[in-house]
Amino acid sequence: MVGDSDSLMNELYNIMAFVLIALPLMAALVFMVLPNLTSKSYWLLSSIISVITFGISVFLFMSYDTLTGGTQFSFTVPWLDQGINISFGLGLTGISASMVLLNGIVLLGACLISGDIEKRGRDFYVLLLTLGGGVFGVFLSSDLFFFFLFYELAVLPMYLLIAVWGSSTDFGSFTRSKEYGAMKLMMVLVAASVLIWVGIIAIFVETYLHGTPTFAFEELRRLSENGLFSVEFQNWVFLCFMIGFGVLSGLWPFHTWSPDGHVAAPTGVSMLHAGVLMKLGAFGIIQIGIVILPLGAQTWMPLLMVLGIVNVIYGAVSAMSQTDLKYIIGYSSVSHMGYVLIGAATLNSIGISGAVLQMFSHGIMTALMFVLVGAIYHRAHTRDIYVLNGLIKTMPHICVLFIIAGFASLGLPGLSGFIAEFLIFLGVIKISFWIAALAVLGAALTAVYILRLIARTIVGPVDSSLSDLPDANIYEKIVSVALASVLVAVGVWPALLLDSINVGVATIMSAL
Amino acid sequence: MIPESSNLLLLMPEFVLAGLALVVFASDLIIPEGKKEWVGRLAVMGLIGLLCVTIFSVMGVNEYVYNDFLLVDHYSFVFKIIFITVGILTILISEEFVKENLTSQGEYYGLLLLAILGMNMLIQSQEFLTAYISLELLSFCLYVLVGYSKFNPKSNEAAIKYIIFGTFSSAIFLYGLSMVYSIVGSTQYSDISGTLAASNAMDPVAILGIALIMIGIGFKIGIVPFHAWIPDVYEGAPTPVTAYLAIGAKIAAFAFLARVVIGVMLPAEELWENWQMILAISAVATMLVGNGIAIVQTKVKRMLAYSSIGHSGVLLSAVVVMGSTNGIVIESLGYYLIGYAVTSFAVFSAITAVTYRNGVELIKDFAGLSDQKPLLAASIAIGLFSLAGLPLFVGFTIKFYLFSSIAIGGYLWLAGIAVFASLISLYYYLIMIKSMYVDTASSEVIHNNIIVKWPMKTVILVSIIATIVLGIYPEPLVNQINEISNLFTP
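Which chain is which? The protein sequence lines are A and B, in order.
In short: position in the first sequence from 1, add 96, done, that's the numbering used here.
In short: position in the second sequence from 1, add 580, done, that's the numbering used here.
In case anyone wonders, no lab produced these hints; they're calculated from the structure.
The reader is advised that the hints may include incorrect statements.
Chain B stretches covered by chain A per the calculated footprint, using a threshold of three residues with CB under 8 Å from any CB of chain A [stated by the list, open to error]:
| # | segment |
| --- | --- |
| 1 | 869-877 |
| 2 | 1012-1022 |
| 3 | 1045-1058 |
Each residue gets a CB set at the ideal place from its N, CA and C atoms; glycine is no exception.
Given only the sequences and the hints, what does the whole structure look like? Please build it.
The structure is reproduced here in structure tokens:
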């Protein structure tokens, strides 16, 4: 009997990755089928679901065995035997462990913070959970077909989430409507996926003509090590992947969808989008591009590094000239994702580790910022930094946390951003001194716009129209304090994440 | 070698179908005015019976009948099942529309049944004259159905255009066939392909004849540059008939084209290599023109008409890569056609429900639909997302499968253009979705008076469920289709 229950536990343990993806998607389906409830009850149900997915993601992260390494929690069932031979495969690597944790945290925060959604609550949570499930799917897939399926699934709900529940921004002389932001985001992301799709098909055709049709990462990696993909082939396919995935990470000059999209989206969606969705692109470059197409990666990495440094500088300069709080954070995301791209482009273990840690750190930090900006906007009904003044007197809680997030963003030691950027600089300096110098300059520029933001809005005399605004409510407090403590925890004890990240990066480095 | 059979029972489904059509016409005389929906229900019940008859009489059969004129095989079996199912669903979504908008309701259903008969004969014919007669049977039924809304000038205009273009293309087809006959002395696919494959220096008359036949078929399918009739006809036709044109007639035409290509063109390798390039260019033009012009449309049915042209281009790309070694293409083509059918039903059934009483035409008139009729809006949105190729819907899986097989056939660039075309389509589908979900309802159009009765509701739910289920669990269907492709793999 004991053996039976053990094997049952084993079974359960093995399908944990599957449960993590299926749970939000099934919940979304059940919401659609069941009769309509009030928005509040959907909020409550979704929060329960996201607490469970958070629990599972913590469990997966904690149980990832860094001594064994490799792909764990593997789960494969044949899906299509005939013809093009696809299996539904999942697995957890050292890199995806921290990414899954990131999504677990941010999804929970996004659900909790969205309690004020009144309009068409059911549709909102159906789409939000679909988005969350799709992102989990991308991080956990060990099969190119399903990786792409979940990637598109995560993009699918964005249009409606932004266009229905978002907000338009009036700049006086012109407006950026939410429909515009939603359409731009959707079209750019799907256009990027056209390149990824072509790349995936091209890889598949090579394996098919070789007589071993497959989409599975492990198999593709083995074929790649055996020299199936020629250098010319790798060069053009990696370029497709680099641009396709790069666009999703806000790669300059294709980054403009991201500030427009983030700004138009409602708070919960901005959190997920800037916090997690932008990471999918960098994750794709690291986990798929470099592993399957190492020669192509070596060809194109100098270009990616240059574009990444443009991202850093250009994003920071753009953020300096913005007057809307959300646009500043949107452009700062562009700038920070530049560090991720540079880190990945170093192709050395320290740089890639830094990139992955930066993905995590930026995800938490930017989610925190969007919570706080959302809270400010909700009360003051403006995000113009020339109108907002002296908020620390009326909203001390929000402002203190905002300062913490800002300091994490500019890389203050003791917060997670510092470790990540430091590792990236170390990785880059091995490649090129000048790029590293520019990257450090970018960090200095970040300090400029963050401090400008803090000086404008948080400190200073209180505007009479803003003097009686309430501070954060209980959910905003819980979410923001929780996110801030993650920033601090990773900042003082980076080994928490770096242990598993290093294992994952070591696997990737062995492909090079 | 496929055996020759004199067993006319193999044509049982067709006999039953012809009889059923006559019974339905006759029942129209008996069933009193005001209860005419029972004519349609009788037809549905008959078709469900016909499904059983088809499964019991010809499943697993692989034999020639009528002196090699007809081939009853798994290919025709699968498509017969598809045609009958499409017929059932079309009749179910027609009921309210026909009752509210059309006079002489009884014949409507009878004509639909005869159109199915035409399709059934078309795909099992192994000889061009039989195919021609079947095609005409199908077309004549469609001419009448398109003009069925006889007090609506648009419908009349559409019917006239359709008849002129249709007969014109039939004439071209026949002219080409006469040329081929003058060289080969036979109209059977196998004889024609044998002669074409044997003669090294191709006879120019035969080349011209084949070209004219292909142009005739191209007109029927509506590939660029023979697509001009489609938007007008789709717009003017009664909405359920538009659905039938876009789903049933299109599947029949492609099933026929695939059969002609496999039967006539593939054995003549040299000829087929030239045609591959011609068809590839036409496919690119069809995808780009269809999807490009759809962007600027303001009327829902015209938008869907151009989108349907775009899908023809995708399907044509799959025909391009057909080769004797490539069973995977036929498999993916079959899967695509079925996925396209269920997805289109999700869109067209809901649009029929919205238009049957209010007569709305413009995309902007769908504003507020998601508030007033969430099921209809969800059905259209799911269908459009699926047509654009987004997961979890069948549209993603069929496109992935089809594009992969196109690339395996050596046309990666064509697959790339097809992926790009579906990106364009996403844009105009999103405009429609925005209208339904984001825009506030205008005061003139109110959707509250729409009543969704059970036949319509059934079709909507079935097609939504099928759109999702076939997308995430396609294996049984693909295995079934795989048996077809095995037939063509030597």
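**Prompt:** Taking 8 Å as the C-beta cutoff, is the stated coverage of the segment 869-877 of chain B by chain A satisfied by three or more residues?
**Reply:** Contact hint for the segment 869-877 of chain B vs chain A: violated, 0 residues under 8 Å.
**Item:** Coverage criterion applied to the segment 1045-1058 of chain B (partner chain A; beta-carbon cut 8 Å; 3 residues)
**Value:** holds (count 3)
**Message:** For the segment 1012-1022 of chain B, count the residues whose Cβ lies under 8 Å from any Cβ of chain A; is that count three or more?
**Reply:** The restraint on the segment 1012-1022 of chain B holds, since 4 of its residues have a Cβ under 8 Å from chain A and three suffice.
When each numbered hint is compared with the structure, a violation occurs for hint 1 only.
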